[in-house]
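Asks: Work out the full structure: start from the sequences and follow the hints.
Sequence lines, in order, name chains A and B. According to our numbering, the first sequence holds residues 1295 to 1768 in order. According to our numbering, the second sequence holds residues 19 to 159 in order.
Hints in this document: simulated from the structure, not taken from any laboratory. Be aware that a few hints might be false.
So the derived label-pair ranges between C-beta atoms look like this [stated by the list, open to error]: (1) ARG1519(A) / ASP123(B): 42 to 50 Å; (2) LYS1409(A) / CYS69(B): 46 to 54 Å; (3) ARG97(B) / GLY1378(A): 55 to 63 Å; (4) ASP1714(A) / VAL124(B): 22 to 30 Å; (5) ALA125(B) / GLU1411(A): 14 to 22 Å.
Which bits of chain A does chain B cover? Going by a derived footprint, with three or more residues having C-beta under 8 Å, they are [unchecked claim]: (6) 1355–1364; (7) 1477–1487; (8) 1628–1638; (9) 1696–1702; (10) 1716–1729.
Here the structure is a predicted model, which is why all the values come from computation and not from measurement. The beta-carbon is built from N, C-alpha and C at its ideal position, and this holds for glycine as well.
So you can see what is in the structure, the chains are spelled out below.
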Amino acid sequence: MNLGQLVRKSETEWWLPRAGKMRVPGILFATEDLLRDMDDKVAEQVANVAALPGIVTASYAMPDAHWGYGFPIGGVAAFAAEAGGVVSAGGVGFDISCGVRTIRTGLAVEEVRPKLEALADTLFRLVPCGVGSASRIRLGPADLDDLMLAGAGWAVAHGHGEDGDLAFMEERGCVAGARPDAVSAEAKHRQRDQLGTLGSGNHYLEVQAVAEIHDEPIAAAYGLRRGDVVLSVHCGSRGLGHQIGTDYLKTMLAEAKASGIELPERELACAPLDSRTGRAYLGAMRAAINCAMANREVITQFAREAFAEVFPSARLTLLYDVSHNTCKEEIHDVDGSARRLFVHRKGATRAFGPGHPDLPEAYRDAGQPVLIGGSMGTASYVLAGICGGPAFASAVHGAGRVLSRHAATRRWQGKAIVRDLGNRGIVLRSPSMRGLAEEAPGAYKDIDRVIEAAADARLARKVAKLIPLACAKG
Amino acid sequence: MADAPRYEHFEHQADIGVRGHGRTREEAFEQAALALTAVTVPPDIVATIECVRVSCVAADDELLLLDWLGAVVYQISARRLVFGRFRVSVAGTRLEGELWGEPLDVARHQPGVEVKAATAAALRVARLADGTWLAQCVVDV
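Replies: As structure tokens, then:
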């Protein structure tokens, strides 16, 4: 990225001044090195978002930002309904409520390592992953409507989850205001046998070891000790969310035109929050958020079955569940006033600080766990939200790619990746060697640099570093 | 032959661009669909033994391409089919398409990443100076 267009405010905060049709400035959080590696498209997309009606304070980019479509991936923007603000399907993305959850196992690395191959095989057998995989659970139309309304609570009520998990999800596993009537028949059809499936691409199920503790008191509150084994899941709302994104992109392109909203690019298609289309999209998107949380809960239950086969003494308890592709209605302090905002986080994680009322009692003093997934073979991180964190309490979501899938398949082969990671003691399972090559660890940014920048910018606090032991990929 | 129908992928950092070239708009749409399916499974290893028919209506060529590729994504996801051949006809604002393929066989097809959606990013349908047609967009994976 050309840094000449930015004004440096600190080591990790850079402003893109208002120009042209921008209504607010852009603010990019990153080190100089990370910014230099970012595509110029990121700044262009930050500026485009800043031009949307009703945007509040600034258009933000996180340290892991990369070129997306419409919004940058790693983009955050909040809109106020009373200021003519909008909701954008492109600002949420197609994989609505894609997110990460981390689950404690109560096991230590030395117990797990001798049976790691058996554990990986069992997880791979019980958790469907990859293109075209189907769930053991088939949803009828009434089930799906109930699930979209009840979220992860639906999974618990139907024996596919545990009641104790719900307190450790954003909005306790069920966001209010879901509207199954605003979801198309096609979207519902795509979901009928995808509940409890991982999907493909960068989605994964990973057995991890707690390798480093950076903040002892917060790690203790989260129940993490060095040498513990945890399980992390990265996936979203599956076909339902993908189709809702597709359906509303088209509707919003027409709505934006009818509302006289000038779109710098079509992927920024949006509708006024206070419009029929805007309200319908919010209802459908919330249905997809609930579906995603239910999906991760069902996968957790499948994983519990797998652990029970291999480690009958294991007790899997949810540390936390975050979504990083959402638009959420939240109250934030803006220039000393509390305002109700619709915060778009596209490839960004909510990071509420200590004392926030949405946090479970156990984490009230520690702040919200912010779960950052790596890619297979690289580290993941547990961070914690900070009081008064910038960008409407938002942080990074992952490492972000540096190489395209094509470039990755030209450079690496799936079998060699299995062998290389195996030599490092990491067990890999996947139905597709091509899928593995596309997801080669070298195709991603160095996550350590991204996390350091996030911590330096005070987006979130470092708590623990997790390293992979076994990974199932789609 | 320079103007023979063909498809290609173009670079996008996190996702993939799909582009079809043809002597007609219809051929370019068919090739763009081949580019999309090639993200997951190479079309030349797919047996074209089943046919699904779809129709789309949209206000302009670019929105029609978006709808068409969206319909292909939906059929792959909802029916668990992979496709190796497409046939498109367009009359006014209406597109009729045939999708030829077979059920996905993970062991044989070794699928790469699934396409979640066709996006409006880099969406373009155009007749080029040499008279050939181009149809493209970025797909979300």
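Asks: Against this structure, judge whether each hint is valid.
Replies: Evaluation of the provided hints:
Between ARG1519(A) and ASP123(B) the CB atoms are about 45 Å apart, so this pair conforms to the stated range of 42 to 50 Å. For LYS1409(A) and CYS69(B), the Cβ-Cβ distance of about 48 Å falls inside the hinted range of 46 to 54 Å, so the restraint holds. With their beta carbons about 42 Å apart, ARG97(B) and GLY1378(A) fall outside the hinted range of 55 to 63 Å. A beta carbon spacing of about 23 Å between ASP1714(A) and VAL124(B) agrees with the range 22 to 30 Å that was offered as a hint.
Taking 14 to 22 Å as the suggested C-beta distance range, the pair ALA125(B) and GLU1411(A) conforms, at roughly 21 Å. Closer than 8 Å: that is the beta-carbon criterion, and the stretch 1355–1364 of chain A has 5 residues meeting it against chain B, so the requirement of 3 holds. Counting residues of the stretch 1477–1487 of chain A whose C-beta lies closer than 8 Å to any C-beta of chain B gives 3; at least three are required, and the coverage claim holds. With 0 residues carrying a beta carbon less than 8 Å from a beta carbon of chain B, the stretch 1628–1638 of chain A misses the three-residue requirement, and the given coverage is violated.
Given as covered by chain B, the stretch 1696–1702 of chain A passes the check, having 5 residues with a CB less than 8 Å from a CB of that chain where 3 are the minimum. With a threshold of 8 Å between beta carbons, the proposed coverage of the stretch 1716–1729 of chain A by chain B holds, since 5 of its residues qualify and at least three are required.
Checked against the numbered hints given earlier, the structure breaks hints 3 and 8 and satisfies all the rest.
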